Amino acid sequence: MKNKADYVIVGSGISGASIAYHLAKFGAKNIVVLDKSYLTSGATGRCGAGIRQQWGTKMNCLLAKRSVDFFETAQEELQYDGNIEFKQEGYLVIASNEEETKEFKENVALQNSLGIPSRVLTKEEAKTIVPYLNTDVVHSATFCPTDGHLNPFTTTEAFYKASERMGVEFHFFTEVLDIIVHNNRIEKIITDKGEIQTSNVINAAGGWSKQIGNMVNINIPVYSENHEILVTEPVEKMQGPMVISFSKNIYCQQTPHGAFIMGRSDPDMPEGLDMSSSWKFLDEMSKTVTELLPPIGDIRVIRQWGGLYNMSPDHQPIISDTKDLPGFYMACGFSGHGFMLAPMTGLLLAEIILGLTPSMLIEDLSIERFEGKEIKKEKSVV
Amino acid sequence: MDPNKVIICRCSDVTLQDVYDLFDKGYKTFEELKRIKRVGMGPCQATTCGKMVQWEIAKRFNLPLEEVKFNNIRPLTMGVKLKSIKESAEDEK
Numbered sequence: 001m002k003n004k005a006d007y008v009i010v011g012s013g014i015s016g017a018s019i020a021y022h023l024a025k026f027g028a029k030n031i032v033v034l035d036k037s038y039l040t041s042g043a044t045g046r047c048g049a050g051i052r053q054q055w056g057t058k059m060n061c062l063l064a065k066r067s068v069d070f071f072e073t074a075q076e077e078l079q080y081d082g083n084i085e086f087k088q089e090g091y092l093v094i095a096s097n098e099e100e101t102k103e104f105k106e107n108v109a110l111q112n113s114l115g116i117p118s119r120v121l122t123k124e125e126a127k128t129i130v131p132y133l134n135t136d137v138v139h140s141a142t143f144c145p146t147d148g149h150l151n152p153f154t155t156t157e158a159f160y161k162a163s164e165r166m167g168v169e170f171h172f173f174t175e176v177l178d179i180i181v182h183n184n185r186i187e188k189i190i191t192d193k194g195e196i197q198t199s200n201v202i203n204a205a206g207g208w209s210k211q212i213g214n215m216v217n218i219n220i221p222v223y224s225e226n227h228e229i230l231v232t233e234p235v236e237k238m239q240g241p242m243v244i245s246f247s248k249n250i251y252c253q254q255t256p257h258g259a260f261i262m263g264r265s266d267p268d269m270p271e272g273l274d275m276s277s278s279w280k281f282l283d284e285m286s287k288t289v290t291e292l293l294p295p296i297g298d299i300r301v302i303r304q305w306g307g308l309y310n311m312s313p314d315h316q317p318i319i320s321d322t323k324d325l326p327g328f329y330m331a332c333g334f335s336g337h338g339f340m341l342a343p344m345t346g347l348l349l350a351e352i353i354l355g356l357t358p359s360m361l362i363e364d365l366s367i368e369r370f371e372g373k374e375i376k377k378e379k380s381v382v
Numbered sequence: 383m384d385p386n387k388v389i390i391c392r393c394s395d396v397t398l399q400d401v402y403d404l405f406d407k408g409y410k411t412f413e414e415l416k417r418i419k420r421v422g423m424g425p426c427q428a429t430t431c432g433k434m435v436q437w438e439i440a441k442r443f444n445l446p447l448e449e450v451k452f453n454n455i456r457p458l459t460m461g462v463k464l465k466s467i468k469e470s471a472e473d474e475k
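Protein sequence lines correspond, in order, to chains L and U.
Under this note's numbering, the first residue of the first sequence is numbered 1, with each subsequent residue one higher.
Under this note's numbering, the first residue of the second sequence is numbered 383, with each subsequent residue one higher.
The following block holds chain U by itself, in its conformation from the complex (with noise of 0.2 Å):
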């Protein structure tokens, strides 16, 4: 498997081998690896990348799964478009 090959974080294009590289500079932390490479900062916020990333931390630090801390969840879960919130807002008065 050629990590160039494979797309780790589909929202923000981020390889595996991008993410080989960030661990080489030091990082070690999802939320390092988000700041500075995107990865789960695009449309499904990380509901699709958090979990692998999550591995290949445990992977090359050889740390249980468990030890290593998922990403920051923040809202929203989904993405909603500004003026449905407005119209929706309105409503509600």
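With the rest of the complex left out, here is chain L (with noise of 0.2 Å):
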């Protein structure tokens, strides 16, 4: 491991990866991506492989939006030999109520507004995306075609393996223990394999983006919590888009490669960075997609996991820099959809890291947006 740095990333997930390629291909030299596990230990290997443009606030539908755009060339993009998985068969957002109908023409209204190509479908027009989908239990539905899946795994893999050809160091298994600031710059970042100088820290740890702030006394208003999650055995294909309900608690899509991958959230769930399994989410996920897909309960469960969900006051990430602390840059807070928006997260971040005109406004992913400001919160979260 070098002792020297410009700029070191901390967390190997999706958004240290893309941050590291997107500064990278600016042209920054002297990059280290640090990781206390292996690639895509944390969040972005738990999560559910949904890539969504149907949001409820304008910065998460630009970030999707824009996102999904890099998507679509990723694989040739990044030069990677292996295989994203990307498909895009859509998104079926379920309304189960009048409420959720009304609150869902207004998201369409406003997706459509930034060129996102959802439309609101009636009950029975859903069930023609999705034949087995029990009605009884559907309001309404919206539908965005270009929304889809991508494998976590290999996606940042091809991150991964980009940054490495333009000479990006990543180092797994090494852990953060400090980070020395004097005169407030920063010094240098102390792991558990030696120390390195640098003056330049991302902080990308997801999960422990809190803890990487604390290190440099920045507090930095996002928890983490437990969002577990399913797969099955792999059947033929019978499924085209993610089916989801933010009322009913559930979303639930089958892969390219057969398995259907299926979560839920309890709203009981104490804040901390536990990410075991419990029965009592097998119970209700079984219940619920039971319910709602009916045929999917004759389809075998093979495993089940949690993983943590890094929440900001407003369900929109936090990709910013600090005044209170030069250097000291972050991207966190997503509230369970940092891997969907991956692509804007690196270039955004790196254009502010290296003073460059911002491809999209910004003020609204800044951590400076919570101090006294009334917060508008994103609803259409699972």
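Everything labelled a hint here was simulated from the structure, so no lab data went into it.
If you're wondering where the values come from, they're calculated on a predicted model, not measured in any experiment.
It is possible that some hints are incorrect.
Far from chain L, some chain U residues (derived; all Cβ distances over 12 Å) [stated by the list, open to error]: (1) D384; (2) K387; (3) A428.
Cβ pair distances, simulated, as ranges [claimed, not checked]: (4) U:M460 with L:E103: 36 to 44 Å; (5) L:D266 with U:S466: 46 to 54 Å; (6) L:L356 with U:N454: 13 to 21 Å.
Cβ atoms here follow ideal geometry from the backbone N, Cα and C, with glycine treated the same way.
Join these two chains into a complex; the hints should help.
As structure tokens, then:
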């Protein structure tokens, strides 16, 4: 491991890998990425693998739309020799009551105004897209055909390998223990494998980003909570889009490989770093999925696990520098959606770090947006 | 023995050569192989390939077998239909 670097990125999930890639692509040199475990060991490798543009806030819509634009050519752009398994067969967002129907209509109007090709469907129209949808519990739906699926492991590997070819160094199983600040400048980062002198640290530590902030006395207004998920045995293709409902508390899609991945949230989940699996989740997930998508009840679940959502006050990411410490940058608080937004995360943070004009307005991503202002929450979150 | 003809993970059709290729790319642990190539991700949940991959890691990196971390064990121990779980949950109430 080199003992001097211009930029040290903490975390080798999709965000850290994308930040490294974009920094290197802009010509930055001497970049090191550290991770306390293996590539995608945190939230990236535990996520639902969905890519969605149907959001309720302008900022999330824009980040998602431009990230999908990137993913459409990512295989070539990143010159990846594996397969990122990009599938664009849409997200079917289920409204289960009148209130949601009204809210989603407004969301679709916002999405359409930003170039996202979503549309409102009757429940009968929704049934033509997923024939076994139980319309007894559906009020209406919205659909965006360019939403879809990506393999989180291979997509992150694609960013990782492309970054490595441009000279970025990755060190796995290397844990950051402390960051030393002197006269309000970062001096060095201390790991369990040695020290690196640097004046720029980028916090892409996902579930652990608050702890990294604490090392430099920056209080990042995020917390982590466990969200559980399961996967079934692979079966013949039967479902194109991701089916998702916020009120029913479910997301469920069939991956190109054939397995179904599904998850839901536990409203009673305490804050913390626990990622264990529970029997309660399995019970509740089985009930929810067999009600909304009955034939999936006949498929065998083979594994369950948990992963950390890093929640921000408005459920939008914090992609930001901070006036309190020059050289400290962060990409965190994705509130469960860091994977699908990663191309824009990397691009925007690289532009902030290098002092370039950002590709889109970023005030709503700054850590300073929470200071004394009214917080408008993104509600479209499972 | 041609490593291209040896299937080490039967659930996910992964050959011994695939595993060697991942070693060449710098991956050293079961968890990494699992994520990039689906080794041990299928219905048997690594009960077949887990130990064999552990051996291959030990051989390749000259490690005593007991120092090679075994794959993470996660629930369930066998595949169960989602509707069976739902029905059992209801029966218990």
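A quick look at each hint next to the structure:
no. : hint                           : result
1   : D384                           : holds, 22 Å
2   : K387                           : holds, 22 Å
3   : A428                           : violated, 10 Å
4   : U:M460 with L:E103: 36 to 44 Å : holds, 42 Å
5   : L:D266 with U:S466: 46 to 54 Å : violated, 22 Å
6   : L:L356 with U:N454: 13 to 21 Å : violated, 41 Å
Checked against the numbered hints given earlier, this structure breaks hints 3, 5, 6; the rest are met.
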